[in-house]
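In this text, residue positions in the sequence shown follow this note's numbering: the first is 1, and each later residue adds one.
Some hints could be false.
When the alpha-carbon atoms are kept at most 25 Å apart in a straight line, the in silico DMTMM-like pairs for lysine to aspartate or glutamate are as follows [unchecked claim]: (1) K134 x D120; (2) K2 x D188; (3) K285 x D120.
Simulated from the structure, these hints should not be mistaken for lab results.
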Amino acid sequence: MKLSVVIPCLNEEAFIGECIRSVQNALGTNSEVEIVVVDAGSSDQTTVIAESFGVHVVNHPRSTIAAQRNAGVRVSSGEVIAFLDADCTVAEGWVQNGLELFRNPEVLGGGCPPSVPSQDTTWVQRGWSFLKRKRRPGRMSVRWIPSANVWVRRWVFEQIGGFNEHLETCEDVDLGFKVSDLGPMISDPSLCVYHHREPRTLLEFFRKELWHGKNSFSGISSGRWTWSELPSLIAPIYFLLGLGWIIISGVLLACDQATLSDLVLAIVFFLALPFAYTLRAVATKGNVHQFFQYILIYIVYFSARSVSMISSVIASIRE
Numbered sequence: 001m002k003l004s005v006v007i008p009c010l011n012e013e014a015f016i017g018e019c020i021r022s023v024q025n026a027l028g029t030n031s032e033v034e035i036v037v038v039d040a041g042s043s044d045q046t047t048v049i050a051e052s053f054g055v056h057v058v059n060h061p062r063s064t065i066a067a068q069r070n071a072g073v074r075v076s077s078g079e080v081i082a083f084l085d086a087d088c089t090v091a092e093g094w095v096q097n098g099l100e101l102f103r104n105p106e107v108l109g110g111g112c113p114p115s116v117p118s119q120d121t122t123w124v125q126r127g128w129s130f131l132k133r134k135r136r137p138g139r140m141s142v143r144w145i146p147s148a149n150v151w152v153r154r155w156v157f158e159q160i161g162g163f164n165e166h167l168e169t170c171e172d173v174d175l176g177f178k179v180s181d182l183g184p185m186i187s188d189p190s191l192c193v194y195h196h197r198e199p200r201t202l203l204e205f206f207r208k209e210l211w212h213g214k215n216s217f218s219g220i221s222s223g224r225w226t227w228s229e230l231p232s233l234i235a236p237i238y239f240l241l242g243l244g245w246i247i248i249s250g251v252l253l254a255c256d257q258a259t260l261s262d263l264v265l266a267i268v269f270f271l272a273l274p275f276a277y278t279l280r281a282v283a284t285k286g287n288v289h290q291f292f293q294y295i296l297i298y299i300v301y302f303s304a305r306s307v308s309m310i311s312s313v314i315a316s317i318r319e
């Protein structure tokens with residue numbers, strides 16, 4: 001079974017070398033593996049570094065990352081396509097474990113959400129990685145897998161039309177739903193990869209989630225969502241209500257038209273959602289000593305997704 005690893009990139013000179021090297025180190029005795037790097041017009045040494053590893057480099061300038069991935073598939077020849085982000089490195093056994101998973105003809109898609117490296121990480125990176133982690137880690141059927149590390153059979157990819165090139169974000173959700181509508185998509189922790197550019201600060205985290213939520217409304221409105229995405233739907237309304245309540249209570253308190261207890265109640269309402277999600281996380285996975293850090297991360301997450309959702313709704317109305 002031949003495997004094609006497609007790596008989209010843009011100005012990734014700091015990461016592309018280690019990314020390719022990690023894949024080549026994970027090949028083992030598997031000779032039927034090709035690596036295709038699709039560059040979107042880098043102005044640094046990304047393509048020079050990639051070519052030095054003897055891999056196939058394709059230029060596809062001024063395009064979405066979804067279009068880059070599709071371009072990589074078009075020049076590849078593998079029966080199975082593995083999409084890998086340029087700022088990731090794969091764990092030992094990644095290739096062998098992935099091919100073993102796809103020896104089951106019923107499996108149409110697979111992969112695993114990326115993890116953070118064990119060293120040189122901040123509390124924000126460790127905290128969000130913990131909060132995203134499944135309660136029962138292990139092989140399981142899922143609706144979608146992040147495109148930083150997702151595998152798909154070629155015939156399935158071609159049948160569904162590949163990635164939606166009109167989406168700047170959430171293209172992996174769109175792809176995953178189409179694949180899992182046809183058959184099993186398996187999340188397998190033995191296909192682990194490490195993402196080396198997770199947000200290190202709360203501000204970086206806010207910006208990333210703001211960007212990730214850009215196309216969330218289009219996914220929800222088209223029915224491509226699961227109950228796990230429910231926060232992305234209710235957070236804008238909830239946070240606006242909570243923030244509005246706090247502002248109104250503060251103004252009324254300053255005018256002697258409300259009491260301090262009114263303001264406190266508004267703050268409690270505002271914090272209830274991140275508190276509930278944090279409580280569920282520590283109750284099922286532990287790490288109670290990080291409770292308040294997790295609340296802060298969730299506040300930033302819901303705030304960013306709220307702004308993204310509102311922006312998406314406004315953009316949809318204008319169209």
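These are the hints, each one checked on the structure:
| no. | hint | result |
| --- | --- | --- |
| 1 | K134 x D120 | holds, 23 Å |
| 2 | K2 x D188 | holds, 20 Å |
| 3 | K285 x D120 | holds, 23 Å |
In terms of the numbered hints stated before, the structure departs from none.
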